[in-house]
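Got chain A; can you put chain B on it based on the hints?
Line by line, the protein sequences are chains A and B.
Counted the way numbering that gives the first Met the number 0 counts, the first sequence spans residues 0 to 139.
Counted the way numbering that gives the first Met the number 0 counts, the second sequence spans residues 0 to 390.
If you are wondering where the hints come from, they were derived from the structure by calculation, not from laboratory data.
Mixed in with the good hints there might be a few duds.
Computed Cβ-Cβ distance ranges for the label pairs, DEER-style [unchecked claim]:
#, chain 1, residue 1, chain 2, residue 2, range
1, A, 51, B, 25, 52 to 60 Å
2, A, 4, B, 100, 36 to 44 Å
3, B, 196, A, 3, 29 to 37 Å
The calculated lysine to aspartate or glutamate pairs, modelled on DMTMM-like cross-linking and capped at a C-alpha distance of 25 Å, are [said to hold, decoys possible]:
#, chain 1, residue 1, chain 2, residue 2
4, B, 304, B, 158
5, B, 304, B, 319
6, B, 121, A, 74
7, B, 304, B, 164
8, B, 121, A, 90
9, B, 306, B, 278
10, B, 121, A, 80
11, B, 121, B, 108
12, B, 306, B, 354
13, B, 304, B, 280
14, B, 304, A, 74
15, B, 306, B, 85
Ideal Cβ placement from N, Cα and C applies to all residues, glycine included.
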Amino acid sequence: MTATRFDLPVIEEETRPHWEAARDRRLLIRRCRACGVAHFYPRPFCPECWSEEVVWEEATGRATLYTHSTVHRNDLPPFGERVPYVAAVVELEEGPRMMTELVAAEPADVRIGMALEVDYRDLTDEVTVPVFRPVAGSVA
Amino acid sequence: MAWNRVAVVGAGLIPFGELFDQGYEQMAAGAFRAAVGSVDHGFDPALVDAAFVATQRGTLWGQEGIGGNTVPTAIGLAGVACTRIENACPSGSDAFRVGCMAVASGVHDVVLVIGVEKMRDKSSEEGLLARAAGGHPVYTRGESAPVLFAPFATRHMHEFGTTREMLAAVAVKNHHNGTLDPYAHFRNEVTVDDVLAAPPVCHPLGLLDCCPQTDGAAAVLLVSADRAQDFTDRPVYVAGFGTATDHPYLHEKADFVGLPATTLAAGRAYEMAGVGPAELDMAEVHDCFTITEILDVEDLGFCDKGKGGVLALEGETAIDGRLPVNPSGGLLAKGHPIGATGVAQLTECWWQLREQAEDRQVALRHGFALQHNVGGRGSGVAVVNVLTTNR
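Just chain A, with the same shape it has in the complex (with noise of 0.2 Å):
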């Protein structure tokens, strides 16, 4: 018997390639063919222009952090346990923000704007999540 756990991700049919990337230490993002614009999380239509020509893409995992709050105090299991955590809201360089954790990085010296690098944390043998770092002498 495991505990009740509550950050593992309900991975559906349309978002398995988003996921079984991330295993594989990729961000996967989708681009609208139609219209150009990139969009997070990955829908069958463009949030944009409700084309269906949606296609997968690789993002750089380059981001900057749009705003953040570091976490003390969460009751749901297992985030109890990471306290103090970074949530954080980054934005992608292509476009997109997508709500994550800032990892390795003291709350201290958390800013905004600051750059991003995607990195990746397992959370069982079949799920991995993408978070973020600070890019190595982006902290003041």
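Showing chain B alone in chain A's frame:
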């Protein structure tokens, strides 16, 4: 010209708090009796021909079957038409909006809107806020309620120079107002230093930047405006209302310095009511966290974007200020029993417009009051109701 087709002729609530000794049905009955007892010319409960029940998460108090068929029996109205309304934190204010439409359509004559929520009977990891705010079902997990608001505070501070002291001023004001409200969960003063020294929850929000988890119930009685004089010589009319949605997931927010659902809902309500912020004598707004009130007062048009942090700090939103905000103590001090919250805010507006708010009475100049809730995942839904004494 205000809409004014519906009148509020009764309103009431039970004292909010940690009501371990009261069950869901008892709380509902208490709120209903309070509303019935408030009708100036008396009120026969049998007149109610439809009820709308706001409960956000009926599964948390241990009797999973709660729904539109539970409350009528509890309040002695078995047989009445009754529907449960769930719309996240604005559940109560949306039940009110739906109740108004039911009366205005002519389908129902006398409508009860009642909000009831049990928040404290379960531990916090089993509680509504932890379970309800899990993030996107696919991509992001663990977004507890403060995680949904704290990144807005970070960005608001970054863009506009909003300070921790400005956030704290909201908590200080609303706790002070709570000391004047016999229905408030917290009835103690706090200082700026208390707020700044409180344990951190989600930076920059500390414990006193967060509303408590509170049990409570509230109810209002609606009739057609043409019949209002049968029940009271001091009716309050529904001038207008509006609701709107926005992206529920944080990564798709346009920015992190405002809540677009509020702006859209307010625009619709102001248009329907034929008034703007300048005509309001007071407002009850959604201050689940201190930053939320700052976002609200900007998004509702009480000040320019980016200036919301100054309003509480400079006393503009105090009970004797330019535009009093949350004279009841707000969610921060009165509490936030989710389904009941909006209905209780409307009750406060009703008391204020009828000059029955005792020590926390605001000055009436124009006769309009605004009530607002915003919530759901990523503040993806908002409701604004505007009440008036002007016919």
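Pair hint outcome, residue 304 of chain B versus residue 158 of chain B [Cα-Cα no greater than 25 Å]: Roughly 11 Å separates the two Cα atoms, so the pair holds.
Agreement of residue 306 of chain B and residue 278 of chain B with the hint, judged by alpha carbon distance not exceeding 25 Å: At roughly 20 Å apart (the allowed maximum being 25 Å), residue 278 of chain B and residue 306 of chain B satisfy the hint.
Range hint compliance [Cβ, residue 51 of chain A to residue 25 of chain B, 52 to 60 Å]: Holds, at about 53 Å.
Hint consistency between residue 121 of chain B and residue 74 of chain A [alpha-carbon to alpha-carbon, up to 25 Å]: Judged against 25 Å, a Cα distance of about 13 Å means the pair holds.
Hinted pair residue 304 of chain B and residue 164 of chain B, Cα distance within 25 Å: 18 Å, holds
Pair hint residue 121 of chain B and residue 90 of chain A, alpha-carbon separation not exceeding 25 Å: 37 Å, violated
Restraint status (C-alpha distance of residue 121 of chain B to residue 108 of chain B at most 25 Å): 38 Å, violated
Pair hint outcome, residue 304 of chain B versus residue 74 of chain A [Cα-Cα no greater than 25 Å]: 34 Å, violated
Satisfaction of hint between residue 85 of chain B and residue 306 of chain B, Cα-Cα up to 25 Å: 33 Å, violated
Distance restraint between residue 306 of chain B and residue 354 of chain B, which requires alpha-carbon spacing of 25 Å or less: Violated. Residue 306 of chain B to residue 354 of chain B sits at ~30 Å, over the 25 Å cutoff.
Range hint compliance [Cβ, residue 196 of chain B to residue 3 of chain A, 29 to 37 Å]: 35 Å, holds
25 Å Cα cutoff - pair residue 304 of chain B, residue 319 of chain B: 23 Å, holds
Against the hints set out earlier in the document, violations occur for numbers 8, 11, 12, 14, 15.
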